[in-house]
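> Quick mapping for you: the protein sequence lines, in order, are chains A and B. In the numbering used here, each residue's number is its place in the first sequence (first place is 1) plus 993. In the numbering used here, each residue's number is its place in the second sequence (first place is 1) plus 940.
Among the hints, a few may not be true.
Unchecked claim - Quick list of in silico lysine-lysine cross-link-like pairs, DSS-like style, CA-CA up to 27 Å:
1) A:Lys1019 - A:Lys1113
2) B:Lys971 - B:Lys1029
3) A:Lys1247 - A:Lys1314
4) A:Lys1284 - B:Lys1120
5) B:Lys1123 - A:Lys1284
6) A:Lys1115 - B:Lys1109
7) A:Lys1113 - B:Lys1303
8) B:Lys1196 - B:Lys1152
9) B:Lys1337 - A:Lys1113
10) B:Lys1362 - B:Lys1213
11) B:Lys1109 - A:Lys1148
12) A:Lys1343 - B:Lys1092
13) B:Lys1029 - A:Lys1113
14) B:Lys1065 - B:Lys1109
15) A:Lys1115 - B:Lys1337
16) B:Lys1337 - B:Lys1303
17) A:Lys1284 - A:Lys1344
18) B:Lys971 - B:Lys1025
19) B:Lys1065 - B:Lys971
20) B:Lys971 - B:Lys990
21) A:Lys1306 - B:Lys1303
22) B:Lys1226 - B:Lys1375
23) A:Lys1113 - B:Lys1341
24) B:Lys1212 - B:Lys1196
25) B:Lys1092 - A:Lys1344
The hints are simulated quantities; they were obtained by calculation from the structure and are not laboratory data.
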Amino acid sequence: MAVKEIVKRCEALFEDLHFKTVRDWKAAQPGRKAIGYMPIYVPREIIHAAGMLPVGIFGGGDQIEVIQGDAYYQSYICRIPRSTIELGVTGRIDCLDGMLFPSICDVIRNLSGMWQIMFKDKYVRYFDVPQNYMDNVGGEYYVHEMQILRDDLAKLAGREVTDDDLRASIQLYNENRKAMRDLYDYRAEKPWQAPTSEVYLVTRAGMVLPPEEHTQLVRDYIAATDAEPRAKRDNARVVLTGSFCEQPPLGLIKSIEMAGCYIVDDDFHLVTRWNLDDVVVDGDPLWNLAKSFLHRSADTSSKYSMRREDKGKFLLESVRKYGAEGVVFAAASFCDPALLERPMLLEILKKHGIPSTAFKFAENTGQMAPIREQAGTFADSIKLWSAA
Amino acid sequence: MSTQKVDTTALPGKKPAPKNVQKEDAMWLQKEMINANYHDLAIAHDVGRKVSATFVPGNLNELLMCFDFARSLPETNALQNGMRKKSGKMIMDAERDGHSEDVCTYVKADLGMMMGGEIGPTGEKLPVPDVLLLSYTGCFTFMKWFELVRQKYDCETTMLHVPYQGDGKINESMVQYVVKQLKEEVIPTLERVSGVKFDIDRLRQYMKESTKAEEDLVAVLQSAKNRPSPIDGYFGGVYYIGPIFTAFRGTPEASKFYSVLRGEIEERVRQKKGPVTPDGEMTEEKYRLVVEGPPNWTSFRDFWKMFYEDGAVVVASTYSKVGGVYDFGFRHNPDEPLESLARYCLGCYTNLNFPQRIDMICKYIDEYQADGLLINSIKSCNSFSAGQLLMLREIEKRTGKPAAFIESDLVDPRYFSSANIKNRLESYFQMINQKRRATAAVH
Ligand code: SF4
Ligand code: SF4
């Protein structure tokens, strides 16, 4: 398939806020179930092992008009919960048999309880993860949390979720993670071949496709785009961070690129790259998932940094690994986790002589000109600085 | 007022009560206690004491006392600065230093205070903490808050992760998770920083004191079930919870304070008296309200006045449960000290899920025979505020009582619009009257 077609398919998936793919997947076999999850991370392996489709719900973007959702939130709360409620009350996600709300912030946390009240016939769970990373402390607690999810989903599926089911799912997701790592490595190596506006869509497709299919899609995209050489520009290489939950509109990502930045790493859809390497397949599957979470997972604002010197390490490593020249901090308005993290990260970047710029967005931001201008000035300053 | 008196002359910084404001004796006493704690903090390093900082919800005061720490509570510092009209500048200083206008103003007031040389609410300089005990019960912002403080001061931090009651209950795994963190992470860190060995019997002893104070506090808060209510459970309530939610839970001073307070309040019940307000005793109780959400501190007295001027008394509030929910039976248990600390943290109000919060408010409306619910939605605080509009509708539906919604902020004076709030309250009181008339017509 040509790269254009692949991207078009991903775009269609991205724009389909009635989740037809999910409906089709369910209709293909009677009794199939789908479970939604919000950012940033849930162990999708457990959902998959129960024979269900994990579906990432990342708000309504700039494509839906939020009418009812606004009646649930004051003006000073970010947008993703209101557009998610809009998806819920308008029946767009009624194909989901359940929803998981990961412990990312107080807004999503409270949304879990609102969902329990508003969608009484659905399975709803607040999915807590440990902030203590010792095996016998946080690990044991986390294994127990995962066991509850496993039991609940088994009940919903009407069948046991065996260790072997879990191992097979871990294996499949390991392949998906590998494909995602390859995609990010490829983009960092040849960002002109894999613009982030495309990589974003290819990744986002993983929120609705079964993992096997998504892995193939990622592989196909890398092969297809590599076969069609594109023009290389003298852009500034940047890491984009702060957008781990509410998503910037696609137009904003395009604007940053058009302004002269190559995004070589980002924190969109972290769930696809949460586990930094393969999760061990042999042995106790829940413990393997737990250990990967505790010791080998991505860092983000909603995770506690045990020591002062750990703060910013992950971002610095991303800058180093992907050869970035600067950092764009793009956070959703009213996003406490991102905005409270921001001064700490900016200070650390400054200490390391890494240029940065910061702005806020909402998922329905329409005015791109100021952001394009800011990103353009930033790209120019990086270029000037590196030329000096 | 009751004639029962407590000798507060031993407390430093005691000033005679200003004549233009009326308070119960216990209210003065609590003020003395809080001021005395600021003085303790100010001199702590000079007298060789280590200093801890920790948050109100899920605070482990008894445990910190086992290591002889002087105890600072940054939220209390922020609110005290708010009441003394100092927080506005602090917040703006923090914003100028790169903190977003969108985030919790408690955090910014604290960081702004640091930038201004750590001059505390009473004018004495507060020390840099030797340890930050980060127990983030019921709010993620706490975690960022202490990460920010740590980044600035490089002080030792110990984290106690308290899982959220997502299912509306506490399971054994959650309790054990907290207990293990106490044993393996928190206690060893506190031992190391303080140089004091942990003695569980000392903890038990403090907990015995806590229980006494908890018992009396519950009696005080529940006195509002009487008609007229002898207390205001929100505006007055913040004075009542002061000592037990901060550095005093587990101390004999707190036990004494709560027993005096209880005595005063029981006397008011006997005399069928209404609450004491800054302008004197409230004589006619016209409206009985339940309030959800924290108060505004920067215009605290003006805000309160809008209620008592119209004869509105708050009979129950959720804010008076942020530092511990005691009215449904929980007490610190000296026989199971660590488990009980865990259950305490797990049970604080903002760690309850939405259906639990709604149930609790409906129960208050019923048991305290309230006319309705008022939500003071705080711009700063996602933990409280996200979802309150649904809460309002659900509670109205379930109780059939009218509810109203106002918006303000904790310590940012820019978000307190006196005229708007007053208008809103007045229409709300009218709504209650209408509802009463309608009900009377039906019966
Ligand atoms: S955008 Fe930020 S504040 Fe809003 S739900 Fe997501 S993490 Fe929470
Ligand atoms: S967000 Fe709310 S609960 Fe959290 S620190 Fe701020 S005021 Fe307190």
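> For each hint, tell me whether it holds in the structure or not.
Tested hints:
Restraint check for Lys1019 (chain A) and Lys1113 (chain A): the C-alpha separation of about 21 Å stays at or below 27 Å, so the hint holds. Using a Cα cut-off of 27 Å, the hinted pair Lys971 (chain B) and Lys1029 (chain B) holds, with the two alpha carbons roughly 24 Å apart. The suggested pairing of Lys1247 (chain A) with Lys1314 (chain A) holds, with an alpha-carbon distance near 23 Å, which does not exceed 27 Å. Among the hinted pairs, Lys1284 (chain A) with Lys1120 (chain B) is consistent with the structure: their alpha-carbon atoms are about 18 Å apart, no more than 27 Å.
For the hint pairing Lys1123 (chain B) with Lys1284 (chain A), the CA-to-CA distance comes to about 21 Å; that is within 27 Å, so the pair holds. Note on Lys1115 (chain A) and Lys1109 (chain B): the hinted pairing holds, with a Cα-Cα distance of about 19 Å set against a maximum of 27 Å. Proposed proximity of Lys1113 (chain A) and Lys1303 (chain B) is supported: the alpha carbons are some 21 Å apart, at most 27 Å. With a C-alpha separation of about 9 Å, the suggested pairing of Lys1196 (chain B) with Lys1152 (chain B) holds against the 27 Å cut-off.
A distance of roughly 16 Å separates the Cα atoms of Lys1337 (chain B) and Lys1113 (chain A); the hinted pair therefore holds under the 27 Å criterion. A distance of roughly 26 Å separates the Cα atoms of Lys1362 (chain B) and Lys1213 (chain B); the hinted pair therefore holds under the 27 Å criterion. Of the pairs offered as hints, the one joining Lys1109 (chain B) and Lys1148 (chain A) holds, with about 20 Å between alpha carbons and a cut-off of 27 Å not exceeded. Restraint check for Lys1343 (chain A) and Lys1092 (chain B): the C-alpha separation of about 15 Å stays at or below 27 Å, so the hint holds.
A distance of roughly 46 Å separates the Cα atoms of Lys1029 (chain B) and Lys1113 (chain A); the hinted pair therefore is violated under the 27 Å criterion. Under the criterion of a C-alpha separation no larger than 27 Å, the hint pairing Lys1065 (chain B) with Lys1109 (chain B) is inconsistent with the structure, at around 42 Å. Using a Cα cut-off of 27 Å, the hinted pair Lys1115 (chain A) and Lys1337 (chain B) holds, with the two alpha carbons roughly 22 Å apart. With a C-alpha separation of about 14 Å, the suggested pairing of Lys1337 (chain B) with Lys1303 (chain B) holds against the 27 Å cut-off.
Restraint check: the Cα-Cα separation between Lys1284 (chain A) and Lys1344 (chain A) comes to about 32 Å, which exceeds 27 Å; the hinted pair is violated. For the hint linking Lys971 (chain B) to Lys1025 (chain B), the alpha-carbon distance of about 17 Å falls within 27 Å, and the restraint holds. Between the alpha carbons of Lys1065 (chain B) and Lys971 (chain B) the distance comes to roughly 18 Å, so the proposed pair stays at or under 27 Å and holds. As the CA atoms of Lys971 (chain B) and Lys990 (chain B) are separated by approximately 24 Å, the hinted pair is consistent with the 27 Å bound.
With a C-alpha separation of about 48 Å, the suggested pairing of Lys1306 (chain A) with Lys1303 (chain B) is violated against the 27 Å cut-off. Restraint check: the Cα-Cα separation between Lys1226 (chain B) and Lys1375 (chain B) comes to about 14 Å, which is no more than 27 Å; the hinted pair holds. As the CA atoms of Lys1113 (chain A) and Lys1341 (chain B) are separated by approximately 24 Å, the hinted pair is consistent with the 27 Å bound. The suggested pairing of Lys1212 (chain B) with Lys1196 (chain B) holds, with an alpha-carbon distance near 24 Å, which does not exceed 27 Å.
Of the supplied pair hints, the one linking Lys1092 (chain B) and Lys1344 (chain A) holds, its CA atoms being roughly 14 Å apart against a limit of 27 Å.
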